[in-house]
Amino acid sequence: MSKLVCECRSEFRYCKSIVIYRTVQAKEQVMARAKTFSLGDTYDGILSDLVKSGRFGTETEVVRAGIRMLADYEMRMQSLRQAIHSADAEIEAGLGKEYASGADLLHDVMNEDADN
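Take 85 as the starting number for the sequence shown in this note's numbering and just add one per residue.
Hints listed in this document are in silico derivations from the structure and should not be mistaken for laboratory results.
Don't take every hint at face value.
[To be verified] Pairs of lysine to aspartate or glutamate residues, derived as EDC-like cross-links and limited to a Cα-Cα distance of at most 20 Å, are as follows:
id : residue 1 : residue 2
1  : Lys181    : Asp156
2  : Lys181    : Asp192
3  : Lys136    : Asp125
4  : Lys181    : Glu196
5  : Lys119    : Glu145
6  : Lys119    : Glu143
[To be verified] Pairwise CB distance ranges (calculated):
id : residue 1 : residue 2 : range
7  : Ser137    : Glu182    : 44 to 54 Å
8  : Gly150    : Met194    : 32 to 42 Å
9  : Leu190    : Phe140    : 36 to 46 Å
10 : Arg139    : His191    : 43 to 53 Å
11 : Ser185    : Ile130    : 41 to 51 Å
12 : His169    : Asp125    : 18 to 28 Å
13 : Asp172    : Thr126    : 35 to 45 Å
14 : Phe140    : Glu176    : 45 to 55 Å
15 : Ala198    : Ala177    : 36 to 46 Å
Source: prediction; values computed, not measured.
For each residue, glycine too, the CB sits at the ideal point set by N, CA and C.
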């Protein structure tokens with residue numbers, strides 16, 4: 085994947101756009117797709133600082149890492165939503181357990197590992 089950084093100055097604002105080329109293989113054909121993002125000064129500064137510090141080799145690596153983190157977060161959120169949905173279904177089916185107080189619930193949770 086290659087990266088092209090395009091800088092443009094307007095009368096009111098300076099912006100830096102990143103154009104990312106993604107290679108897509110379809111049978112024997114290879115096509116590049118460009119994506120352009122306007123980061124704004126704050127995020128552009130963070131991006132530059134991460135490269136300057138040596139944490140990442142290129143700005144593209146920073147963007148990829150950010151997208152990976154977002155994808156991981158979204159997968160965890162989806163898993164959590166499914167677990168909540170399953171728990172709600174169990175409660176509606178009468179499989180839940182009622183506690184008289186939060187302290188009783190905490191006691192049960194804390195002793196769960198000891199019982200297994």
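Gly150 versus Met194 beta-carbon gap, inside 32 to 42 Å or not: holds (37 Å)
Ile130 and Ser185 - C-beta distance against the hinted 41 to 51 Å: 46 Å Cβ-Cβ, so the 41 to 51 Å window holds.
Range hint compliance [Cβ, Leu190 to Phe140, 36 to 46 Å]: holds (43 Å)
Pairwise beta carbon distance, Asp172 to Thr126, judged against the given window 35 to 45 Å: holds (39 Å)
Agreement of Lys181 and Asp192 with the hint, judged by alpha carbon distance not exceeding 20 Å: holds (11 Å)
Whether the CB-CB distance between Arg139 and His191 falls inside 43 to 53 Å: holds (44 Å)
Given hint Glu145 paired with Lys119 - CA-CA distance at most 20 Å: With a Cα-Cα distance of about 15 Å, the restraint between Lys119 and Glu145 holds, given a limit of 20 Å.
Beta-carbon spacing of Ala198 to Ala177 - inside the hinted bounds 36 to 46 Å or not: With a Cβ separation near 28 Å, Ala198 and Ala177 fall outside 36 to 46 Å, so the hint is violated.
Satisfaction of hint between Asp125 and Lys136, Cα-Cα up to 20 Å: holds (16 Å)
Distance restraint hint 44 to 54 Å, applied to the beta-carbon atoms of Ser137 and Glu182: holds (53 Å)
Straight-line alpha-carbon gap Lys181 to Glu196, limit 20 Å: With Cα atoms ~14 Å apart, Lys181 and Glu196 stay inside 20 Å; holds.
C-beta pair His169, Asp125: status relative to the range 18 to 28 Å that was hinted: Given range 18 to 28 Å: violated, Cβ gap about 41 Å.
The structure shown violates the earlier hints numbered 1, 12 and 15.
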